[in-house]
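Novice: If you read the protein sequences in the order shown, they are chains A and B.
Going by numbering that gives the first Met the number 0, 126 is the number at position 127 of the first sequence; the sequence numbering is gapless.
Going by numbering that gives the first Met the number 0, 124 is the number at position 125 of the second sequence; the sequence numbering is gapless.
What the hints contain is simulated information worked out from the structure, not anything from laboratory work.
Treat the hints loosely; a few may be bogus.
[Said to hold, decoys possible] Beyond 12 Å from chain B on every Cβ pair, some chain A residues (computed):
#1 Leu8
#2 Lys29
#3 Gly38
#4 Lys138
#5 His142
#6 Asp186
#7 Asn192
[Said to hold, decoys possible] According to the in silico footprint, chain B covers these stretches of chain A (three or more CB under 8 Å from chain B):
#8 172 to 185
#9 197 to 207
#10 235 to 246
#11 269 to 275
[Unchecked claim] Computed list of chain B residues with no C-beta within reach of chain A, every gap over 10 Å:
#12 Arg28
#13 Arg114
#14 Glu135
#15 Glu149
Yeah, the Cβ is synthetic: ideal placement off N, Cα and C, and Gly gets one too.
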Amino acid sequence: MTSTPPAALAVVAEGLEFEYPAPRRILALKGVTVRIPEGQFAAIVGQNGSGKTSLARCISGYLRPTRGSLRVAGTEVWRLRPSQRATRVGYVFQNPDHQLFRERVWDDVAFGPQNLGVSPDQIQESVERVLRRLELWDKRELHPFQLSRGDRQRLAIAAIIVMRPQILIVDEPTTGQDMARSREIMDLLAGLNREQGMTILTITHVMELVAEYARWVIVMHDGRVLLDGPPRQVFSRAEELRITAINPPPVARLGLTLGLDPLPITVPEARDAILRRLPA
Amino acid sequence: MADPVIALERVTLRYPTAPSPTLRDVSFRVEPGEFVGIVGSTGSGKTTLLYLLAGVIPHYLGAELDGDVLIHGRRTQELSLARISERVGLVLQDPEAQLFNLLVRDELAWGLENRGLARAEIASRLASTLSFFRIERLQDRITYDLSGGEKQRVALAAVHAIAPEVYLFDHPTSQLDPIGAAEVIAAVRRLAERHQLAIVMVEDKVDELVEHADRLVLLDGGRIVLDAGPREFCLRKDLLDAAGVRPTQMAELSARLIEAGLKLDVPPITLEEMTVALRARLRS
Ligand SMILES: Nc1ncnc2c1ncn2[C@@H]1O[C@H](COP(=O)(O)OP(=O)(O)OP(=O)(O)O)[C@@H](O)[C@H]1O
Ligand SMILES: Nc1ncnc2c1ncn2[C@@H]1O[C@H](COP(=O)(O)OP(=O)(O)OP(=O)(O)O)[C@@H](O)[C@H]1O
Ligand SMILES: [Mg+2]
Ligand SMILES: [Mg+2]
Numbered sequence: 000m001t002s003t004p005p006a007a008l009a010v011v012a013e014g015l016e017f018e019y020p021a022p023r024r025i026l027a028l029k030g031v032t033v034r035i036p037e038g039q040f041a042a043i044v045g046q047n048g049s050g051k052t053s054l055a056r057c058i059s060g061y062l063r064p065t066r067g068s069l070r071v072a073g074t075e076v077w078r079l080r081p082s083q084r085a086t087r088v089g090y091v092f093q094n095p096d097h098q099l100f101r102e103r104v105w106d107d108v109a110f111g112p113q114n115l116g117v118s119p120d121q122i123q124e125s126v127e128r129v130l131r132r133l134e135l136w137d138k139r140e141l142h143p144f145q146l147s148r149g150d151r152q153r154l155a156i157a158a159i160i161v162m163r164p165q166i167l168i169v170d171e172p173t174t175g176q177d178m179a180r181s182r183e184i185m186d187l188l189a190g191l192n193r194e195q196g197m198t199i200l201t202i203t204h205v206m207e208l209v210a211e212y213a214r215w216v217i218v219m220h221d222g223r224v225l226l227d228g229p230p231r232q233v234f235s236r237a238e239e240l241r242i243t244a245i246n247p248p249p250v251a252r253l254g255l256t257l258g259l260d261p262l263p264i265t266v267p268e269a270r271d272a273i274l275r276r277l278p279a
Numbered sequence: 000m001a002d003p004v005i006a007l008e009r010v011t012l013r014y015p016t017a018p019s020p021t022l023r024d025v026s027f028r029v030e031p032g033e034f035v036g037i038v039g040s041t042g043s044g045k046t047t048l049l050y051l052l053a054g055v056i057p058h059y060l061g062a063e064l065d066g067d068v069l070i071h072g073r074r075t076q077e078l079s080l081a082r083i084s085e086r087v088g089l090v091l092q093d094p095e096a097q098l099f100n101l102l103v104r105d106e107l108a109w110g111l112e113n114r115g116l117a118r119a120e121i122a123s124r125l126a127s128t129l130s131f132f133r134i135e136r137l138q139d140r141i142t143y144d145l146s147g148g149e150k151q152r153v154a155l156a157a158v159h160a161i162a163p164e165v166y167l168f169d170h171p172t173s174q175l176d177p178i179g180a181a182e183v184i185a186a187v188r189r190l191a192e193r194h195q196l197a198i199v200m201v202e203d204k205v206d207e208l209v210e211h212a213d214r215l216v217l218l219d220g221g222r223i224v225l226d227a228g229p230r231e232f233c234l235r236k237d238l239l240d241a242a243g244v245r246p247t248q249m250a251e252l253s254a255r256l257i258e259a260g261l262k263l264d265v266p267p268i269t270l271e272e273m274t275v276a277l278r279a280r281l282r283s
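Pulled out of the complex, with its shape left as it was, chain A reads as follows (with noise of 0.2 Å):
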């Protein structure tokens, strides 16, 4: 048997915590141990306030460790300038309106790159492309208040993409959108995966968006990592699951309860598993 050599690795954290400076001091993260390869596409998922949106801070460099060990793109990243730390993570907030404070939409995209140094002509490029590809282009000259916030939504991934960050991290990219444009922007994020091998990271509620797209699931409950593995493994504990207030999508259930193997995990795998165990 021949091994393939093992991925270089985007993110390694052991034993990771994190508190919420006094007077709260809150311990979110309780001891995270995780490691994400390079070109992973992984989804976070887990309880209300069970430390996804601290972990992706963390990952991201805003905020500092407070125990453990965690390297970014082989680095300590919240020790690095904001500056050097936007070309290897991109941190996406849960709320746009947190994230854009620029005049223009243009504006709030190329402010990212300026602050880089990039040259202007450079400038100019980056931005028309990545707005054109995120279907903002025709948008460029209105204040990021005047769009809605599927557009708002894009605009902030845009500010973030122009960077060209090894890492992505959106957190909760898809709330407040209908599926269609759920779709699309899953569809985006699997694009910038596929195309520059950019290692994506999702926080998302949406388990039927997780069975369909991320090729990792990272569980999180209480401030620690409850298991992790491929959708469909990670979906056939659904008992487990509950405790972190994850319910696997209908399909998922369905084959737990009739016993159907593979366990399906999207619809049209569901249909294929029930055809095949039906009598002739």
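Chain B with the ligands: place on chain A using the hints.
Specialist: Chain B with the ligands only, in chain A's frame:
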């Protein structure tokens, strides 16, 4: 038929800056004890519909309006916003837009204090609301440094504390974990039944609405194109596709199985129905 608590009669609405109407000839009513789900793609007019029912339009936001919006038979135009909000509780799409107080306990208490409730009454409502939404441990926290889902729970709880007779929810579970979302929607069902409240909930989790709502209303381009019980709603694939909305996963699976030649007399739309329909037929 009971008298409706709220009713829209042939309402057409155009925002002053918009070239065309956002709601078109919309009629719809909700009776006491009824739980109605509203579904539609982005921009279809869901929030606008809730703003009308809450009196936000026309009292706070101006719009050109045709037709009638009635609460207990009285036109909202003729009632003050304060009078309307004594009866109607609106939970906004974005919880942060709704949280005004530094501490969670104050967020829940201030609506009650505004209404001049006695201290003891406030304390007892506060306690029951905290436990209803499972946020006891958050009561002394600062609202702005809660997690997203925790903020949403507090926003829901703040409206619940006021005990309105009409609840209008705009994507109330968008940031809740899956089991938390299911619990909130189930709890809303019980609330409607127990206190004969009228509930209108904009929600894209059709799987949950089908389990708990009496009717589902489909908005497409500002028109109500379907107003039906859960089963009929799920089976109108033509209208759902046109509106860009998906039925339950089980209804989708039923359709795929029927396409593949499986005979299902009554196409299952819930997990329970599907389990029953298939269990006897599958080879082990
Ligand atoms: N700025 C803050 N200050 C103090 N405590 C915080 C802060 N932000 C979050 N917390 C607390 O840390 C814990 C983890 O919160 P976090 O935001 O990481 O959860 P989450 O998994 O992202 O939840 P959600 O699904 O609701 O977004 C929670 O108990 C939360 O109340
Ligand atoms: N204050 C306003 N002035 C002008 N147009 C508006 C205003 N508010 C909403 N609209 C327009 O009315 C239409 C319906 O908006 P509404 O917010 O009701 O949609 P929605 O169904 O709630 O969408 P979403 O699912 O994205 O929240 C949209 O085209 C929107 O741009
Ligand atoms: Mg979060
Ligand atoms: Mg809306």
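Novice: If a hint holds in the structure, say so; if it does not, say that too.
Specialist: Hint check results:
1. The claim that A/Leu8 is not at the interface with chain B holds, since no C-beta of that chain comes within 12 Å of its own (minimum 27 Å).
2. The non-interface label for A/Lys29 is consistent with chain B: the shortest C-beta to C-beta separation is roughly 15 Å, beyond 12 Å.
3. Under the 12 Å C-beta cut-off, the non-interface status given to A/Gly38 relative to chain B holds; the minimum distance is some 28 Å.
4. A/Lys138, annotated as away from the interface, keeps every beta carbon of chain B farther than 12 Å; the closest lies near 15 Å.
5. For A/His142, the non-interface assignment is confirmed: its Cβ lies about 14 Å from the closest Cβ of chain B, beyond the 12 Å cut-off.
6. A/Asp186, annotated as away from the interface, keeps every beta carbon of chain B farther than 12 Å; the closest lies near 15 Å.
7. Under the 12 Å C-beta cut-off, the non-interface status given to A/Asn192 relative to chain B holds; the minimum distance is some 24 Å.
8. By the rule of at least three residues with a Cβ nearer than 8 Å to a Cβ of chain B, the coverage given for the stretch 172 to 185 of chain A holds, with 7 such residues.
9. Residues of the stretch 197 to 207 of chain A with a Cβ under 8 Å from some Cβ of chain B number 3, which satisfies the need for three, so the listed coverage holds.
10. Only residues whose beta carbon comes within less than 8 Å of a beta carbon in chain B count, and the stretch 235 to 246 of chain A has 5; three or more means the coverage holds.
11. Coverage of the stretch 269 to 275 of chain A by chain B holds in this model, with 4 residues showing a Cβ closer than 8 Å to a Cβ of that chain against a need of three.
12. Annotated as non-interface, B/Arg28 keeps its C-beta farther than 10 Å from every C-beta of chain A; the closest such distance is 25 Å.
13. The claim that B/Arg114 is not at the interface with chain A holds, since no C-beta of that chain comes within 10 Å of its own (minimum 29 Å).
14. Distance to chain A confirms B/Glu135 as a non-interface residue, since its nearest Cβ pair spans about 13 Å, more than 10 Å.
15. Against chain A, the non-interface label of B/Glu149 is violated: not every CB pair exceeds 10 Å, the least being about 6 Å.
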